[in-house]
Amino acid sequence: MCGPETPSHLPRVGARVDFVSRTGQGHLGNLLFLNPSTPDSSRATHVRFSRTEGAHLDDESVLVSIHVTGDMTKAVEDCGLLQQFTLPVEQITDDEYEVALGESLSLIVGEGIIGRRVSMMRGSELLGDGIVGYNFMPTIRSSL
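All letters in the sequence shown, in the order written, are residues 1 to 144 by this note's numbering.
There may be inaccurate statements among the hints.
[As the list claims (entries may be wrong)] Label-pair distances were calculated between CB atoms; the ranges are:
| hint | residue 1 | residue 2 | range |
| --- | --- | --- | --- |
| 1 | Asp40 | Glu60 | 34 to 44 angstroms |
| 2 | Leu101 | Thr69 | 33 to 43 angstroms |
| 3 | Arg22 | Ser61 | 17 to 27 angstroms |
Note that these hints are calculated values from the structure, not bench results.
What you are looking at is a predicted structure, and each value in this text was computed from that prediction instead of being measured.
Glycine residues also receive a C-beta, built at the ideal position from the N, C-alpha and C atoms.
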(Lines of atoms letter the chains of each structure in order from A; the text may use other names.)
(Lines give C-alpha, C1' and ligand atoms only; values in the text may rest on other atoms or scores of the structure.)
Protein backbone atom coordinates (compact mmCIF):
# COMPACT_ATOMS: atom_id res chain seq x y z
CA MET A 1 0.00 0.00 0.00
CA CYS A 2 1.15 3.53 -0.66
CA GLY A 3 0.93 6.34 1.88
CA PRO A 4 0.38 6.44 5.62
CA GLU A 5 -0.73 3.41 7.62
CA THR A 6 -4.42 2.66 7.14
CA PRO A 7 -6.43 3.06 10.35
CA SER A 8 -7.81 -0.32 11.43
CA HIS A 9 -11.44 0.78 10.91
CA LEU A 10 -10.91 1.27 7.14
CA PRO A 11 -11.37 -1.67 4.76
CA ARG A 12 -8.24 -3.31 3.37
CA VAL A 13 -9.49 -4.24 -0.09
CA GLY A 14 -8.86 -3.16 -3.66
CA ALA A 15 -6.27 -0.50 -4.43
CA ARG A 16 -5.58 2.86 -2.85
CA VAL A 17 -3.96 6.19 -3.60
CA ASP A 18 -3.08 8.77 -0.95
CA PHE A 19 -3.27 12.36 -2.15
CA VAL A 20 -0.49 14.69 -1.05
CA SER A 21 -1.06 18.41 -1.52
CA ARG A 22 1.16 20.32 -3.91
CA THR A 23 0.28 23.56 -2.09
CA GLY A 24 1.62 22.66 1.35
CA GLN A 25 -1.60 21.34 2.93
CA GLY A 26 -0.07 17.90 3.53
CA HIS A 27 -2.23 14.78 3.21
CA LEU A 28 -5.63 15.57 1.61
CA GLY A 29 -7.17 12.12 1.84
CA ASN A 30 -7.25 8.82 0.00
CA LEU A 31 -9.17 7.17 -2.77
CA LEU A 32 -10.01 3.50 -2.47
CA PHE A 33 -10.76 1.55 -5.65
CA LEU A 34 -13.04 -1.37 -4.76
CA ASN A 35 -15.81 -3.74 -5.76
CA PRO A 36 -18.38 -3.65 -2.91
CA SER A 37 -20.21 -6.78 -4.07
CA THR A 38 -17.00 -8.84 -4.45
CA PRO A 39 -14.34 -7.44 -2.09
CA ASP A 40 -11.53 -9.71 -3.29
CA SER A 41 -12.15 -8.91 -6.98
CA SER A 42 -9.29 -7.75 -9.18
CA ARG A 43 -11.67 -5.23 -10.80
CA ALA A 44 -12.89 -2.03 -9.17
CA THR A 45 -16.44 -0.87 -9.84
CA HIS A 46 -16.53 1.96 -7.27
CA VAL A 47 -14.27 4.54 -5.65
CA ARG A 48 -14.50 5.76 -2.09
CA PHE A 49 -12.86 9.08 -1.22
CA SER A 50 -12.00 9.67 2.43
CA ARG A 51 -10.94 13.19 3.30
CA THR A 52 -8.22 13.67 5.92
CA GLU A 53 -9.46 15.50 9.00
CA GLY A 54 -8.65 19.17 8.60
CA ALA A 55 -8.01 18.93 4.83
CA HIS A 56 -9.66 21.78 2.95
CA LEU A 57 -10.98 21.03 -0.53
CA ASP A 58 -13.59 23.80 -0.53
CA ASP A 59 -17.11 23.00 -1.63
CA GLU A 60 -16.51 22.49 -5.32
CA SER A 61 -16.23 19.31 -7.35
CA VAL A 62 -12.76 18.07 -8.24
CA LEU A 63 -11.62 16.20 -11.33
CA VAL A 64 -9.78 12.96 -10.60
CA SER A 65 -7.50 11.74 -13.40
CA ILE A 66 -5.82 8.34 -13.63
CA HIS A 67 -2.72 8.80 -15.76
CA VAL A 68 -0.97 6.40 -18.11
CA THR A 69 2.33 6.66 -16.23
CA GLY A 70 3.37 6.78 -12.60
CA ASP A 71 6.05 9.42 -13.15
CA MET A 72 5.71 12.04 -10.41
CA THR A 73 8.56 14.14 -11.84
CA LYS A 74 6.56 15.17 -14.92
CA ALA A 75 3.74 17.69 -15.17
CA VAL A 76 0.33 15.97 -15.05
CA GLU A 77 -0.44 17.03 -18.61
CA ASP A 78 2.64 15.07 -19.75
CA CYS A 79 1.57 11.80 -18.04
CA GLY A 80 -1.18 10.74 -20.47
CA LEU A 81 -4.75 9.99 -19.48
CA LEU A 82 -6.33 6.61 -18.77
CA GLN A 83 -9.63 7.68 -17.16
CA GLN A 84 -11.26 10.68 -15.46
CA PHE A 85 -14.22 11.15 -13.14
CA THR A 86 -15.60 13.90 -10.94
CA LEU A 87 -15.81 13.81 -7.17
CA PRO A 88 -18.62 16.10 -6.03
CA VAL A 89 -16.83 17.34 -2.89
CA GLU A 90 -19.92 19.31 -1.86
CA GLN A 91 -21.75 15.98 -1.39
CA ILE A 92 -19.12 14.42 0.87
CA THR A 93 -20.66 13.88 4.28
CA ASP A 94 -18.75 12.59 7.27
CA ASP A 95 -15.60 13.19 5.20
CA GLU A 96 -16.34 10.20 2.94
CA TYR A 97 -17.99 9.70 -0.45
CA GLU A 98 -18.48 6.61 -2.63
CA VAL A 99 -19.41 6.62 -6.30
CA ALA A 100 -19.77 3.98 -9.03
CA LEU A 101 -17.24 4.15 -11.85
CA GLY A 102 -18.40 4.52 -15.44
CA GLU A 103 -16.43 1.38 -16.31
CA SER A 104 -14.62 -1.11 -14.11
CA LEU A 105 -10.87 -0.78 -13.62
CA SER A 106 -8.32 -3.58 -13.44
CA LEU A 107 -6.43 -3.71 -10.13
CA ILE A 108 -3.24 -5.26 -11.50
CA VAL A 109 0.23 -4.06 -12.50
CA GLY A 110 0.83 -3.42 -16.20
CA GLU A 111 -2.55 -3.18 -17.92
CA GLY A 112 -4.27 -2.19 -14.66
CA ILE A 113 -4.07 0.91 -12.47
CA ILE A 114 -1.47 -0.26 -9.92
CA GLY A 115 1.59 2.00 -10.13
CA ARG A 116 -0.18 4.76 -12.03
CA ARG A 117 -0.29 8.41 -11.02
CA VAL A 118 -3.65 9.83 -9.94
CA SER A 119 -4.25 13.57 -9.67
CA MET A 120 -6.98 15.77 -8.20
CA MET A 121 -7.57 19.06 -9.98
CA ARG A 122 -9.93 21.99 -9.73
CA GLY A 123 -9.84 23.83 -13.03
CA SER A 124 -6.15 24.11 -13.91
CA GLU A 125 -5.03 23.92 -10.25
CA LEU A 126 -3.36 20.68 -9.14
CA LEU A 127 -4.68 20.04 -5.62
CA GLY A 128 -2.80 16.83 -4.95
CA ASP A 129 -1.60 13.57 -6.43
CA GLY A 130 -0.21 10.16 -5.60
CA ILE A 131 0.49 6.66 -6.91
CA VAL A 132 -2.00 3.77 -6.83
CA GLY A 133 -0.83 0.86 -4.69
CA TYR A 134 -2.32 -2.43 -3.55
CA ASN A 135 -4.55 -2.17 -0.52
CA PHE A 136 -5.27 -5.90 -0.50
CA MET A 137 -3.88 -8.73 -2.57
CA PRO A 138 -6.56 -11.36 -3.25
CA THR A 139 -5.64 -14.89 -2.27
CA ILE A 140 -4.79 -16.89 -5.37
CA ARG A 141 -6.14 -20.42 -5.20
CA SER A 142 -4.35 -23.05 -7.19
CA SER A 143 -6.39 -25.69 -8.93
CA LEU A 144 -4.88 -29.14 -9.05
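Status of each hint after checking the structure:
no., hint, result
1, Asp40 / Glu60: 34 to 44 angstroms, "35 angstroms, holds"
2, Leu101 / Thr69: 33 to 43 angstroms, "20 angstroms, violated"
3, Arg22 / Ser61: 17 to 27 angstroms, "18 angstroms, holds"
Going down the numbered hints, you'll see the structure goes against just number 2.
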